[in-house]
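Use the sequences and the hints to build the structure in full.
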Amino acid sequence: MEPQTIIARRIAQELRPGMLVNLGIGIPTLVANYVPAEMNVFFQSENGLIGTGPIPEEGMAHPTLTDAGGRPVSALPGACTFDSAMSFGLIRGGHVDLTVLGGLQVDGTGRLANWMIPNKMVPGMGGAMDLVCGAKRVVVAMQHTARGASKIVKTCSLPITSTRAVDLVVTELGVIGFPDGRATLLEVAPGVSTDQVIDATEAPLVVADHVPEMLL
Amino acid sequence: MRTISLDQAVEMIPHGASLLVGGFMGVGTPERVMDEIVRQGKRDLTVIANDTATPGVGIGKLVQAKLLQKVIASHIGLNPETQKQMMSGHLEVELVPQGTLIERIRAGGYGLGGVLTPTGVGTVVEKDKQQIEVDGKCYLVETALRADFALVHAFLADYMGNLSYALTARNFNPVIAMAGATVIANAENIVPVGVISPDHVVTPAPIVDYLIAN
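Protein sequences appear in the order of chains Z and W.
Take our numbering: the last position of the first sequence gets the number 219, and nothing is skipped along the way.
Take our numbering: the last position of the second sequence gets the number 236, and nothing is skipped along the way.
Certain hints may be false.
Simulated DEER-style distance windows between Cβ atoms [unchecked claim]: (1) W:Ile154 to Z:Lys157: 28 to 36 Å; (2) W:Gly38 to Z:Pro182: 50 to 58 Å; (3) Z:His65 to W:Glu114: 41 to 49 Å; (4) Z:Thr8 to W:Thr204: 49 to 57 Å; (5) W:Lys159 to Z:Gly62: 26 to 34 Å; (6) Z:Asp183 to W:Gly38: 51 to 59 Å; (7) Z:Met42 to W:Asp29: 47 to 55 Å; (8) Z:Gln16 to W:Gln62: 54 to 62 Å; (9) W:Ala203 to Z:Glu5: 30 to 38 Å; (10) Z:Pro6 to W:Val146: 24 to 32 Å; (11) W:Gly111 to Z:Gln16: 43 to 51 Å; (12) Z:Asp183 to W:Val146: 23 to 31 Å.
The calculated lysine-lysine pairs, modelled on DSS-like cross-linking and capped at a C-alpha distance of 27 Å, are [claimed, not checked]: (13) Z:Lys123 to W:Lys88; (14) Z:Lys157 to Z:Lys123; (15) W:Lys88 to Z:Lys157; (16) Z:Lys123 to W:Lys92.
In case anyone wonders, no lab produced these hints; they're calculated from the structure.
Idealized CB from N, CA, C, for every residue including glycine.
Below is the structure:
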């Protein structure tokens, strides 16, 4: 299974019926592919839509029905639209149950950096800071390493997105949570040993004697 | 409210003006107003908007024509030209979290000095900002934003200037309409008074100074 697929399938299991969920771009977007329609999850697009549906069939796209990247989307029955003040009222006001975001680094206490690399890539934070600040649960979807270097680090060298610790980090190697403010290995991916995860992780990792395997 | 032609509307904008521009990745941006600003070569502009779209789209056209001296936005990542001009020092860019940006504009339009937000506390965003504790929680003081002009894109405008919006093209538009000293509206459809029912008017006519004739 592709790393992205492992990550997206595992995160999809965090969703529950009736939740209001915001997915970031990249791997987070893939999560929607593994959520059954009958679960009735509400997906928010921060440009002003609840009830975001799949990419429309050819010829059915509408120029004013788009996702946060400006790409055409569809709207599910019961969808609603609103302005950006309300969209971020939903986000900052604690009305979004769960957000899934990409990450550049997460430190040993769960602090996320995901919005810039100084002097290299300065795209802007968009809605990321508000989402980490205000969503009830924050899940990070990212590959465990980048060019061989661990993305789960002792201390973020990149500017952080929020001081609020994320709730869960899901990578192609495992699931990490932060109970008591310490990175803790909660699950390993199928066929991955706890030692492999420890080796690939720069931050100190709390590992129990028996770590369950992800169910995918 | 007065109706006005596209070229007359843009002629009102002086060089160096500040503009609030509606739209999210170009969706809900008054595209023909962008084209006319480029055609008339208005320069040294400050743009306050969610993003700078992509090259050749919406606000991206103003960036490409090098008409901007400053951008206040939440995201410029999908427009490499904005990043290039920022890195080379030709364009000043102030990056603001999206929820903070829209609230600063809302505050400007609603007569408030600013807002208190937890977003950005403990990050580089807090630099040089006052912090206030309320009930034991820390907030940043984010000051209000207004501009000389608000360039609004609506789906429907009636003959009086009442506006309603379509789907995700609403985004910043109704909020910026409150925060421009002069409000210029562009609408996909101009319809008789009464077509937009009172419950569906989002921006009331007295807010709109000029409606561009279609």
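Hints not upheld, ascending by number = Checked against the structure, the hints that fail are numbers 3, 5, 9, 15, while the rest are satisfied.
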